[in-house]
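Chemist: Given next are the chains, with one letter for each unit.
Number of protein chains: 2
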Amino acid sequence: MITGKNYIGNVLSSLGNITYKTFNPQTNLENEIIYTEASTIEIQAAVELATEAFKTFKIVSGDKKNNFLNEIANEIEALGDELIKMYCSESGLPEGRAIGERSRTIFQLRSFANLVKEGSWVEATIDTAQPNREPIPKVDIRKMLIPLGPVVVFGASNFPLAYSTAGGDTAAAFAAGCPVIVKSHPMHAGTGELVASAIINAALKTGMPNGVFSNLNSSGIEVGQILVKHPEVKAVGFTGSIRGGRALYDIAAQRDEPIPVFAEMGSVNPVVLLPKATKNKRNEWAKTYADSITLGSGQFCTNPGLILGIKSDELANFIYILSEEIVKIEPSCMLHPNIIGAYESNKANMQNQKGLETTANVSKDVSANYGRQMITTVEGATFLENTVLHQEVFGPFSMIVQCESIEQLELIISKLEGQLTGTILAEDNEIRNYQNIVSALQNRVGRIIFNGVPTGVEVCPAMVHGGPYPASTDSRFTAVGINSIKRWVRPFSFQNWPNELLPDELKNENPLKISRLVDGVQTF
Amino acid sequence: MITGKNYIGNVLSSLGNITYKTFNPQTNLENEIIYTEASTIEIQAAVELATEAFKTFKIVSGDKKNNFLNEIANEIEALGDELIKMYCSESGLPEGRAIGERSRTIFQLRSFANLVKEGSWVEATIDTAQPNREPIPKVDIRKMLIPLGPVVVFGASNFPLAYSTAGGDTAAAFAAGCPVIVKSHPMHAGTGELVASAIINAALKTGMPNGVFSNLNSSGIEVGQILVKHPEVKAVGFTGSIRGGRALYDIAAQRDEPIPVFAEMGSVNPVVLLPKATKNKRNEWAKTYADSITLGSGQFCTNPGLILGIKSDELANFIYILSEEIVKIEPSCMLHPNIIGAYESNKANMQNQKGLETTANVSKDVSANYGRQMITTVEGATFLENTVLHQEVFGPFSMIVQCESIEQLELIISKLEGQLTGTILAEDNEIRNYQNIVSALQNRVGRIIFNGVPTGVEVCPAMVHGGPYPASTDSRFTAVGINSIKRWVRPFSFQNWPNELLPDELKNENPLKISRLVDGVQTF
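As given, the protein sequences belong to chains A and B, one line each in that order. Numbering of the first sequence is given in the numbering used here, commencing with residue 1 and proceeding in unit increments. Numbering of the second sequence is given in the numbering used here, commencing with residue 1 and proceeding in unit increments.
Honestly, I wouldn't trust all of these hints.
Chain copies aren't distinguished; within one or between two, either way the pair holds.
[As the list claims (entries may be wrong)] Here are the simulated PhoX-like pairs of lysine-lysine, each with C-alpha atoms no more than 25 Å apart in a straight line:
#1 K138 to K281
#2 K311 to K279
#3 K486 to K58
#4 K58 to K513
#5 K55 to K415
#6 K415 to K58
#7 K415 to K229
#8 K138 to K287
#9 K415 to K354
#10 K507 to K64
#11 K311 to K281
Calculated from the structure, these hints are not laboratory results. Remember, predicted model here, so these are calculated numbers, not experimental data.
Isolated chain A (complex conformation) (with noise of 0.2 Å):
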């Protein structure tokens, strides 16, 4: 079933020269299948289909949205098994998270397909006219979100589901009524087929217009840097390293016409263990975060790889304890050899920062590609001086920093870079006494635990998914929950508009029973 080509619009297409095949982890083999990288001509079309598809997309009817959206879901589903066992084959994740994520996927799909049917989250507001108006009359004047044009989607290499082909970004872009492009993630380009294989099919069972989705291939970053370049490219989602998420801002931001690229990046996620906490719960903090900070192999963007501290005894039997917790948890296999090798090369680095202590270091031999984890510790002054200790490394790693004072702490929470998120353990009421903490953590993050664990990221309407710089691009929105559709869309006025010629979330008769906001109140 799995060809290695390319879906241009509905067309499986292998024009190019570039082929490359994905690698199985677990195996530490090759797989078989060989994948051909998209083409100049290729992306071109692809581009051209989209462009063309939008004239009809952007103003398809919501209950047609809801339709194909709906049918992604329920081809993915009938992919079976099929897709399951080449998601483990490109990951080396185990068949469970691979079914997790399968429902993650489709319960993202079917959130915005029921989105998309109600029909309220254009934020419909109309302002009546006032002929009789004095000095001058008003005008009539009605608003709605629109679609920004063709997205190109970047896919993650640690969500080959939920975060990549048919993911968040393209689930909200399609609720939006943008055609998508998307840029397979190299590592499962065959997990990324097949779920290509499903929209296509979709696409023509619901009538959706050639072009409302292409998949390429590639192997390194050209293909996305014409994507990202192209002028009929008018947004970029993207999930994935500093380095890589910063490289497309730039060429984006460079364009004649630059582009919004909301991208999901780094973090280490501080967590604050304050002093009461560290007294009295250490013991079962050490061993809730040695199971975060090992889940999934260390490979959220959620995973707390930084714990600030108070230096005490208590403190340091905290770090104890989650050194020994944590090397009980048996290692589990990474991403990719790609991956690892960058896990342990991060993991020297830090070891060579002057002041770090290393205090659980798996060294025992395991599978290729599997992941061994590591706890480290370092004086706040130390953290403070060197900001190469402010660095993600990917994977089960987490440093604990041993503050002076309560002061430094705060400090320190204020040099940190921005972060996806930030947790706060605490005792009772001792939260009350830190509201600094709180406050400055606050202003690096996008969202705020309370004696919890930041791994697992719920899809819900009130979860922010993103962050100040460089967890996120643009911390004005969120990649995760339904209020991602925004980083898609724009507000459009119609003025004086014939109420007949009027997209029906405007029309006087609300022909949709939308809840709009008509002459400053919200109607039902």
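Chain B: place on chain A using the hints.
Modeler: Just chain B now, with coordinates in the frame of chain A:
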């Protein structure tokens, strides 16, 4: 009362060496007051104060922000005639315009005051816990919009009040909870200082933290550059030229931590004159557009600088009547010698373009700095070939493009840069036959107008003042209306947070009685 000094927070300061004066274009003489440009030390001090002020201002209640914003409006009103006289002496604009713009400014401030008092603008969203959910429990997550941090606002040359010191950008930023540092426009430094004094008085009277506002004088580009580069500045608002806005956008995008820049820049505001309207209503539209093109000496960002029609005897007659009508209008004073200088050289540059014909050119002697209107026309093919013809001539200038066919007209629209507005002039039902034109125009603009003029931007919730680049640097936001607050805020999630420590907006008991989305249902 005017000191020529900067407000560094609440303190008047003039440590710098660079001084300048403003200019009265009506008398063609410099005004007397000497202004001192902000020095590097003062810029740094203003940003530090704003950063410190943000710690408390970001959590000031809606009621207190309401008091602050209303008090600014009161203080501006209390400036009385002194403000109006200063405005006129620095802009050459008539007293009626000054009074009207003051009303608009006050209306904007009071609109935002009402918005924050009511409080629902924060989009509070609550997803309650489901501890028994399978396979994993659901945690409690609550989201609201919070301010970004210190915002730098660049005053506009053509709106000394409504889009400058206490204009829309500043009012929206205060409403959001962001301290504001204004880079005062050098052409109206006195108007700026008066309004700044009103803001400072209001801040003192209503107990706002020192540093919530600063006003920095500048005669060149350096002050603005230093501000946009400063790591503690978190967003930028700008209204002005493409060159100026793009330069700031580029600086912001190249920072280690890129920040959002909302720049509202140039636009030629294309108007499409459909054939039946040309045939039946050319007289009326010619008169209406003669007025619109010359309104405020053509110094509106929504000035109609480009009119597209199908070549015909009737269109030739429209051009003739428009040219006849426009020369009857008395030229009026432009904002500054620099503005009229640019206007004259841009007109000359257009006249040098091959194929451009001038059909109206007021050549009579006028007072210094008075802008003489011009109408030009060109063939569609010529316009398509030469993008110089697509550029804005800021002032009472317009160009009529005579297209060979409706297909050529559509092609021209698709080749235009992004625009604030697009207008369709049509008879009865003829617009039904031109849906491709409407669709193409929608892709290029932020607001579309039926049978009207683009000048006149109503301040109301349904207004979009923005559009695809270069109309603005981010089409996902508007510069006018209450939704312009979205430029300065980001969503933020609290997970498992103790109820008593949540902001009032998110507490179980909803003490502010705002509208919230609770478990997917909008509540009131």
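Chemist: Just pull the numbers of the violated hints for me, sorted ascending.
Modeler: none
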